[in-house]
Structure formats: C-alpha cells, structure tokens
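Sequence lines, in order, name chains B and E.
Residues in the first sequence are numbered consecutively from 0, following numbering that gives the first Met the number 0.
Residues in the second sequence are numbered consecutively from 0, following numbering that gives the first Met the number 0.
Each hint should be verified, as a subset may be incorrect.
What the hints assert, rightly or not - Here are the computed lysine to any residue pairs in the SDA-like style, where the Cα-Cα straight-line distance is at most 25 angstroms:
1. B:K182 - B:V123
2. B:K4 - E:S516
3. B:K135 - E:T439
4. B:K4 - E:R517
5. B:K182 - E:S516
6. B:K182 - E:R517
7. B:K182 - E:D440
Simulated from the structure, these hints should not be mistaken for lab results.
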Amino acid sequence: MLGRKTELVLGAILLVLSLIVVLAWIPLDSETGMIETFRRQTTMGDAFLPTVAAVLMAFCAGVHLFINFRRPDNLGTECPAFDGKGLVFLLQLTGITVLSVALFYWAGPIAVNLFAQGEGDEAVTYRQMRSTYPYKLIGFVTGGFTLVLFTTALIEGRFRAIRILSSLLFVAVLIGIFDLPLKNVLLPPNGDW
Amino acid sequence: MSVLDYVLAGIMAVFTGPEAFSIFGIGISITIVMVTFGFFLGIVIGATPGLGGAFVMAVSLPILISIFGYTPDALLPVMGFLIGVMKGATVGGAVPAILFNTPGTPDALMTTLDGYPMAKKGQAGKALRTAHFASASGDTFSDLVLFTTAPFLAILVESYLGFAEKAALIILSLSFVAAVVGASPMKGLIAAFFGILLASIGTGEDLYPRFSMGTEFLANGFPLITAVLGVLILGEVIHSFEDMWRDRRSRNAASIVTQSGNNGLSWKERRALAPFIGTSAVIGTLIGALPGIGSTLAATLGYAAGQKMHKGPVRFGDGAPEGIAATEAANSAVSGSNLIPVLSLGIPGNVSAVFLILAAESIGGFNPGPSVFRFSVSEVNPELVIAFGLFTTMMIGNILNWTIGGQFMRWVGIMARVPKQVLMPMVFLLTITAVYVQETDMLAVYFLLAFGLLGYVMRKIRIPILPFVIAFILAGNLETVMRQAFAVSDADPFFLFRSGTSVVFLALAVLVVIFFSRKPKHDVTVSSEVS
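Construct the entire structure; sequences and hints are all you get.
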C-alpha cells in the first residue's frame, strides 16, 4: 500500500478524471445517449456502458478517498510512487525509445535518398526499395540495435563492447526468425511505406 | 455425433491435422510439433529469472498468427503451442529456485524455502526430481478435473442462463477478480472500469466511432493484442528496467554448489510424497478454478497445508522434499483448472488464459464459452472438436512432462545465469517487433508504447493489471449481452434485476467486494503473477 497522502492524491485525481469523462467526454463524443428511441424502438445507446463504467469508477475513487481519509497515517509503508530519480530514468528511456523509433522509421528512406540509384535520372522511393536488401533492413537494424544497446547501457550505467556484440547478434537472430523464412512478414517500418 | 465421436474427432484433429514432416512415412502433425516446441521453450523460459510463460505467450502470439494465418486450421497449432508453454513454464520455474535461490516464476517463491537448502546440502538433483514429480502430478490431476468439469459447467450455463444472467455473471467475475487481485479492492474495481472505458473507444454500434474525438487513429479503437501486450508485458519490462537501474550494485553472479550423495528419487520416496502432492493438487485445483487468484496463493496455501501435515525429521524450510512437493503440486495444479472458467464461461481468470482467449479471438472460429460444449447430434459442432483437440494437446503436454520433462528441466539450470539486464532490453525489442509483424503499422507500435507506459504507471501506483486486462477483453461481450438483455426485456430499465439468478450474481458481486475490503491484504500473497 502506498502512503496515505499519495493514496489521497491518487483518489482525488481518479475522481476528477472520471467525472470529466462522465460529464464532458461521453456526452460530447458519442452519437447516441444511454438510451435511444428510434421509430418506437427503444435500444441501448453507445453511451450506456461507458457511462455506467465511468460513474462506478468515480464512485470507487470516492470510496477509496474516504477509506484513505480515515486510515491512520502510520500505514504508509512504502517509498513514494514517483520521485526525481524515477523521472530521470523515465526521461532517459523515453529519449532512447524515441530515437530508436525514429531510426526504425526514417533510416531506410534516408539511406534510399542518399545511396539508391534508379534507372536513368528517375528518383527512387523507399516504397520501391522496401523489399530490396540492404534497404529493407536498415531501419530495423539501426533502430533495433540502438534500442537494445542503449537500454542495456542505461541499466548498467556504462557501454560495454560485449553488449554491442550481443545487441547486433540479437537483431540478426530476429531477422533470421522473421525475415528470412517468412516472405509475407514485414519488419518495421516496411508496412508503413 | 455422439459424445465419443466428438472426443475421437478432437484427438484425430490433433494427430492427423496438417503435417509438419514425416518420419519413416508417418506424418507428424504440426500441432504435436508446436505443443512439443512450446513445452520445451516454456521450461527454458520458466527457468530464466525475470521471464515467465506469460512473456513467451504474449510475444509469440502475434508471430504465430502471422505464420499460421487466420484460418481454423491455425487454432490447434497456435493454442497447442501456448498450452505447451504454459505447462513448461510451470515446471521450469522451480529450476533457478532450487539451484540459485531465485524463483524463475513468482509462484516458485515458496520452492526456494526448501529447494535451495537441499541444493546447499548437495541434493539439488533430488530436489529437482521432487519438484518435477510433484509438478507433473499436480498438473495432470488438474487437467483431468478440467476435462470432466468444464463441459458440465458449460452445459449448465447454456441451459439455465439467459442474456441478463450472462451479463450478471460477467459482472460477478470481474468484481471477483478486481476484489482478490492486489491490495485494495477499490483499486481493482477502478482498474476494471477503466479497462471497460478504454475498450469502448472506437467501438459501438453507431456510425460515428464513439470517443474517437473525431480523429482517425482512434476510430478503429485499440488493437486487442497490442493493448494487452503493452499493459501486461511492456509495462512489466519498463518497471523491471527501473528496478535494475536503481539497483545496479546488487547484481551478483549466481554460483552453483557442488552436488554430492544420492540425488535420485526412489519409488518409496515418491510414495511418501503422495499425501502432500494429493492435498496440494486439490488446493491448487480449487484455487485455479476461481478467476483472478494466481498460482502464488495456491503455492502458499499448499505449503502451509503441507507444513501442518509434515512430521518428518527435516523441518519445512530446512530442506524438506515434502515442502517442495507441496508447493510445486499446488502451483502446477492451478494451470489446468484455470481454464475451467475460460472454456465453460468464456471468462479468462489468469494471464495464461488471457492469451488463450486472445488467440481464439484473433484467429476466429472458436469462441471460448458455454456455446462450445453444444453436443449437437445432427450436425458437427466444430468448436467442440477444437475443445477436445485442446484437451488432447494438454495430455500430450503431460506425457512430455512425465517422460522427458524432468531430464530437460535438469539441463536448463544454465538459464539462471543469463543476465537480466541484457535479456529485458531484448524482450523490449522483441515485443515491438512481434506487434509490428502482426499489425504492419507503426501506429500499433505507438499504441503499444502508450499502453506500456500505462502499465508501468499502474504498477507504480499499485493499481492491479489483471482486472484491467480482463475487463478490456470482456467489455465487448459484456456490452453485447447487455444490449440483448435490454432488448428482450422490452427496454425495462431494471433489465438486469428481472430474474432471481441475475439478482443473486449481482448481490454476490457486491458482497465479494465488501468481504475483501474488510481488512487490508498483503500484495504478494493474494495477487496474480502480473499484479
């Protein structure tokens, strides 16, 4: 169980969020209400189940608030859910993930723009080259390698030569599993181009 | 078709299905190959601390669907593989618990109490044999209970429950899972309602996809497997990243103690373990049949029951084989009976069941639930044939377990030495790749990452994951039966309270929450493996 104060803040946030969902999001973003009558036929509208769920969520958040309000202060046995260290970690991991996903998506097309040659002066697009080696794997190899290596380095607090090797090897294994035997399978980002 | 014909058809579907290869002219079906592969992979993964059967099931599901496609022929190989993994991981979890005092899976935690002391005394081989014998016995017993119970329960449900009662039963199951998983029933309920809310996005019956905010990327809702993988697997991966990042210094290489003495397990010793295994198998089976209560609690209760029965010279906790047997029989007995609510009610009660339901829903042609067990005489019910095919795959898994599982289990101790800080980033990439391979759209990867972040945050603020996932999966079914119940009641606002059965179910749903709210629970003992 988290500390009393944290639980109270959590309960309050959940209560407010669920009330926003009930009072604003559901009415504004659903074509039919809870109950719909059309040509004398009454049916359940699209808003019924989500409204019930959100109302009950608000109720549970309220009860949670009440329980924790009455709970003695000394039951908070654990460290806070979030702290500065956790935020630093999350920011670093987000940075690595964003970089890797960007490489997944753009490395192949950039490589095609820089190096691929079409017949005559015709420009070659990544879509034309996405099933051709090495272009079809450039995004996956660079993005996948970056993701595995940098995440391992983040956890270990240092870069190690052996991890470069193991990261490359793992990406190669994945290519061996997905790309070589399965012709109908597309590795990232080839389905998007 | 008679009942026996259906059973035979199920067995034949496994043995004479699409052929993988042939030996001396005898075709080996792809289903048998996949069950075998899944079983061995499950042992390896179960023996790897930090990973578990759920990881493999989650990551391999999209890959298998990409390979086998969306045809009914894919059902048995894919689900057989998942069942193989489930069984293998249950056995494998005991390996690092005994050899290195590190449970491979959370439910093997109690195995460390007696397993590691035995290994320190040079009896690791005996401890592993005890764990395997107990695990295989508990698992087989639980499967037999499943085979005999699920069809009857399903027939009862199908005969006596209408739309309103089925809706009330789903509500009761969700409420039960929410109440028993995690430390606070209120948080469990919040997770379940949140799951229903998110599952509502982009779905519904109107032309306008509800709650899509007019955007195209939300118009089709969240892909089911992507969302479940994100919250369940990626959330866990990110959380473990942070734990390892905070705890860099405590990573010590596991050391192996030199083994000596008699490491075999004689028939006399096996007979002496039987009462402990029998008691724990019954406990595990009963616990497993209830949705949401994980194998960790079963192992704890089995161990406690064994401790009361034990009168031997070596005390529990000092390296008693009976302690290992009591724990392993209980946690393994959960795996079969866990499928009782899935096959008879269509309600997944634990993580493994979640992936079996996802496989069935993704591939199509098999909707786990009471309608599966329609023993129609005039025409063939293909779903029933698949159900008996699944039972056959479970028996194949058990045969593998009894014959070569024990030997293989003793070989995979090396997996406990794979550094987790290297393994988890690889799981991260593998999860992203698996999702992309199935969806072939970067949007699915973005959803995966977003749900992963959600899973991480939920773990940080101690909101249990399992109620969210089960509610997310069941939301569509719940809404459909509620719409039907509302329609047949002629738009009665009290449509859920018109029959005594549904009133009883709803009252139980409230009572179970009140009961579990009365005193604070401890997170570890009463929680599933992912909460």
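Against the structure, the hints:
Taken as a hint, the B:K182 and B:V123 pair is honoured in the structure, with Cα atoms around 23 angstroms apart against an allowance of 25 angstroms. Pair hint B:K4 plus E:S516 holds up; C-alpha atoms about 20 angstroms apart against a cutoff of 25 angstroms. For the suggested pair B:K135 and E:T439, the alpha carbons sit about 14 angstroms apart, so the restraint of at most 25 angstroms is met. Proposed proximity of B:K4 and E:R517 is supported: the alpha carbons are some 21 angstroms apart, at most 25 angstroms.
At most 25 angstroms may separate the alpha-carbon atoms for a hinted pair to count; B:K182 and E:S516 exceed this at roughly 54 angstroms. For the hint linking B:K182 to E:R517, the alpha-carbon distance of about 57 angstroms lies beyond 25 angstroms, and the restraint is violated. The straight-line distance between the Cα atoms of B:K182 and E:D440 is roughly 17 angstroms, inside the 25 angstroms bound, and the hint therefore holds.
Consistency with the previously given hints fails for numbers 5, 6, ordered from lowest to highest.
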